[in-house]
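Residues per chain are reported as follows:
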Amino acid sequence: MPEPQTTRGSFWERHGRSWAVTAMSIVLALLVGAIVMIVSDPEVVTQYAYLFTAPQLPLGASWAKVSSAYSALFFGAVGSPYALAMTTAQAAPLICAGLGVGLGFRAGLFNIGAQGQAVIAAILAAWVGFALPMPPVLHLVVAVLAGLVGGAVWGGIVGFLKARTGAHEVIVTIMMNYIATGILAWLLTTDAFLRPGSRDPISPPVEPTAIFPAFYGQFHLGFVVALLAAALTWWLIERSTIGFAIRAVGANPRAAATAGMSVGRITIVTMVLSGLLAGLAGTQFALGPGGQGVPTPLSAGLVGTVGFDAITVALLGRSSPIGIVFAGLLFGGLHSGGLAMQSMAGTPVTMAMLLQALIVLFVAAPGLVSAITPYLRAPKNKSLVGGQA
Amino acid sequence: MTNATTGGLRLEGITKRFGSFTANDAVDLDVRPGEIHCLLGENGAGKSTLMNVLYGLYQPDGGQIVVDGEPRTFSNPKQAMAAGIGMVHQHFMLVDVFTVAENVMLGREGAFVLNKERARARVREIGERYGMPVDPDAVVEDLPVGLQQRVEILKALANDAEILVLDEPTAVLTPQEIDELMGVMTALRDEGKAIVFITHKLREVRAIADRITVMRRGKIVGHAEPGTSEADLAEMMVGRAVDLRVDKAAAEVGDVRLQVSDLRVTNVAGVVVVDGLTFDVRAGEVLCVAGVQGNGQSELADAILGNMPVASGTITLDGRDITRANPHDTIAAGVGFVPEDRQADGFVSSFSIAENLVLNRFDQPPFSRGPALALPQIQDNAERLRQEFDIRTESISAPLSSLSGGNQQKVVLARELSRDLALLVASQPTRGVDVGAIEFLHRRIVEERDTGTAVLLVSTELDEVEALADRVLVMYRGRVVGIVPPETPRDVVGLMMAGVPYEEAVASAENPTPRAEAVATQGAAERGEHA
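From first to last, the protein sequence lines are chains F and G. Sequential numbering of the first sequence, starting at 1, is according to the numbering used here. Sequential numbering of the second sequence, starting at 1, is according to the numbering used here.
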């Protein structure tokens, strides 16, 4: 039994170490990524035959390989205003969906269904965007709201099933993902959604009135909306009565119930809000201007794997809205940088995904990181008594 | 110091610091074979830290551990075990789904092939030797708490422990189980084991200790003989005179506030746990529900709060039917609730003290403004209650888990008593709480009674029942055995707790017969043991 705590840890004690671990994880991921790049390039590998006779050849080739790839990655992510704008566009849906998943975590819910929620939202937002002509501004607002409602309902169903029947949210959300994907595939065969004259499963383009206005390059209103969503989510979790109940239910559902909170109601509310945020990610895909200034039309792969990336964003951001914004920006940067890496350095874009996976792997195993970097390790006695100073 | 060849355990000048906080300050302790050495002190006095140093869980900042005359250092529990030190923790370290024999085998050296038969034989052998038989094939989760504890002791003995540390072993036990444990401890002592008995319960210390060492704020403040009076021990432990009796005026009883009629509650498995209970509690009185744990008291409390569905019967509060009300509504109707298991039900340990103090009122003014939390009011409330209830903490923003058990319970009680209550339902409000805090908590409960609140107190501790009750309702197997005045002799109440009706219990207590003895030890007899 720990003795009563007499001093609280400093800010570094409480937060610094976890951020340092995150930073180290990124560095380690880049190192492992470099090794993978060297090993996977046959031309560089053949140079290693000369490792003992002419070491400058393999080392030089390796350096050239890695440095060109990483400089392309860096350039593509933050190297120019245009690249930065692209990074924000890539980050916006990740932030939104990450907020949704993170909010679920705070209530003790593992929402794996951000994918399905984003798909449903994208369907509704795109449909409003191409099928219901409306005046500017109003059109965008209605399209976004339609997406939010879609995501909220898709998440809310899961919350309702869990609250009423005890169905586990992980199982149900996975199934809802399949259903959402199936609905999208089916809709793209119907006259209402199929682009006239097209034989490919692709919808008509969204009207210009329903597109998130771009400010510079791909930097558009959607990113600002994502930041607003992060601020609102922070307020909701930390400063509102609903957030208080969500955190209480997440930390100790029995005590929450004894204190008069309805665990079932909070579960439903959380899943509705979580789905709503994931839905906002879906609308980013449906209504956000792409490279050509118009959104990609609705098609089977429109939202990519945003729902699953969102889980990693939420984990990396430690379920805090501020952390999620940074994690979303990092992964957004890796996405846009990865494209540049592919075109400029000839390194496949999957390399960016590998880096993303490695970062999450290292973050998820903080013990591994501190074993490699001992100065980040907590003093042994302190960790035994729960980190008291 | 005694000469170096003396057997047993000596701690010399053990010092352990956590940052600027000194948990153990140059502590000396010696424990000889064949004695029960009682380490007495309030929660937070440093008893558990000292024992964790001994067991290799913490490294001391100074001092040394001497076992059988040899200085030793333990960097992990395995080394301590190898030196013959066994520890029975307050929270058991058992694998619930394993059998007794499997648990005893756990962590023992050698062998990929588990020799179950040998483990079984060992459990039987040790059990019989020390008079604590346990079925080696019973699954741990099916055993009552008292027997689970016995498995912990068996585990230590199977590791050839010569020095046995029991950390607050009685906190989780019923009165009968405590008697059984004391029997086991005596048997172990007589076999020549050295026993360190950590506790803060004075009655037990006086009953069993051979020597007593008292700790306060990380230091040894004195030694005492077992004959020392409870009041003197309490004073040494707390550092000031403590009044063990609760000063309370006679109850000024008013109207009936809580009326429970023919209440039946079934648990999840469909078993009737509260069976046709009828009673009332009036304004300004404390009704104690006494009984051995597991006789339906917890379910009764949960049913009143609305945390457990009522099968039939009615509960009314001030004439209003709350039989089917949920906790949110009963709390709003003025029910204050101190749950039995405060860790699980009483608070959110990762939340701050301030947040926990408004856990059931966070969405009502003044603590909320529309959808927003009113943080300044929540802080003010916490500062006020911290003063009023003497909650010992550096900061009200600290997580609740940083508090000692007694202070955690003060938070729960402060939260409930700071509301306007019609009824206070308190289950085991002082379990695991130190003497200083018990005195305080009891006083606050009586004060609440005197404001006209009806108080329903569930307790398995007869001391507490005697101290607080205006009437005592004895429960056995979900039914009322009888409602008796608080002056009823202990042995009569004890017999009633075993299901003996009042008249019969009075007769047996005045004129003990073998039959009454048999009933009193019924619980033990059912498990095929002798108390």
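Any given hint could turn out to be false.
Stated by the list, open to error - Simulated restraints, written as ranges between beta carbons of each label pair: (1) M134/F to T314/G: 34 to 44 Å; (2) P371/G to P213/F: 40 to 50 Å; (3) A372/G to P213/F: 29 to 39 Å; (4) P371/G to V349/F: 36 to 46 Å; (5) R239/F to S401/G: 53 to 63 Å; (6) P135/F to D380/G: 48 to 58 Å; (7) R239/F to R419/G: 42 to 52 Å; (8) P371/G to G182/F: 32 to 42 Å; (9) S350/G to Y216/F: 38 to 48 Å; (10) T316/G to M134/F: 54 to 64 Å; (11) S401/G to T46/F: 43 to 53 Å.
Stated by the list, open to error - In silico negatives: residues of chain F with every beta carbon more than 10 Å from chain G: (12) R17; (13) V39; (14) V45; (15) P55; (16) Y70; (17) F75; (18) S80; (19) L145; (20) T189; (21) G197; (22) A231; (23) I242; (24) M261.
Unchecked claim - Partial selection, computed: residues in chain G whose CB lies under 8 Å from chain F: (25) I208; (26) F362; (27) P365; (28) S368; (29) Q377; (30) Q379.
The set of hints was computed from the structure by calculation and includes no laboratory data. Note that the structure is a prediction, hence the values are computed from the model and not measured. For glycine and all other residues, C-beta sits at the position ideal for the given N, C-alpha and C.
Going through the hints against the structure:
no., hint, result
1, M134/F to T314/G: 34 to 44 Å, "violated (58 Å)"
2, P371/G to P213/F: 40 to 50 Å, "violated (30 Å)"
3, A372/G to P213/F: 29 to 39 Å, "holds (32 Å)"
4, P371/G to V349/F: 36 to 46 Å, "holds (43 Å)"
5, R239/F to S401/G: 53 to 63 Å, "violated (23 Å)"
6, P135/F to D380/G: 48 to 58 Å, "holds (50 Å)"
7, R239/F to R419/G: 42 to 52 Å, "violated (23 Å)"
8, P371/G to G182/F: 32 to 42 Å, "holds (37 Å)"
9, S350/G to Y216/F: 38 to 48 Å, "holds (43 Å)"
10, T316/G to M134/F: 54 to 64 Å, "holds (58 Å)"
11, S401/G to T46/F: 43 to 53 Å, "violated (59 Å)"
12, R17, "holds (16 Å)"
13, V39, "holds (38 Å)"
14, V45, "holds (43 Å)"
15, P55, "holds (45 Å)"
16, Y70, "holds (40 Å)"
17, F75, "holds (43 Å)"
18, S80, "holds (42 Å)"
19, L145, "holds (20 Å)"
20, T189, "holds (44 Å)"
21, G197, "holds (50 Å)"
22, A231, "holds (14 Å)"
23, I242, "violated (7 Å)"
24, M261, "violated (7 Å)"
25, I208, "violated (22 Å)"
26, F362, "holds (5 Å)"
27, P365, "violated (11 Å)"
28, S368, "holds (5 Å)"
29, Q377, "violated (13 Å)"
30, Q379, "violated (13 Å)"
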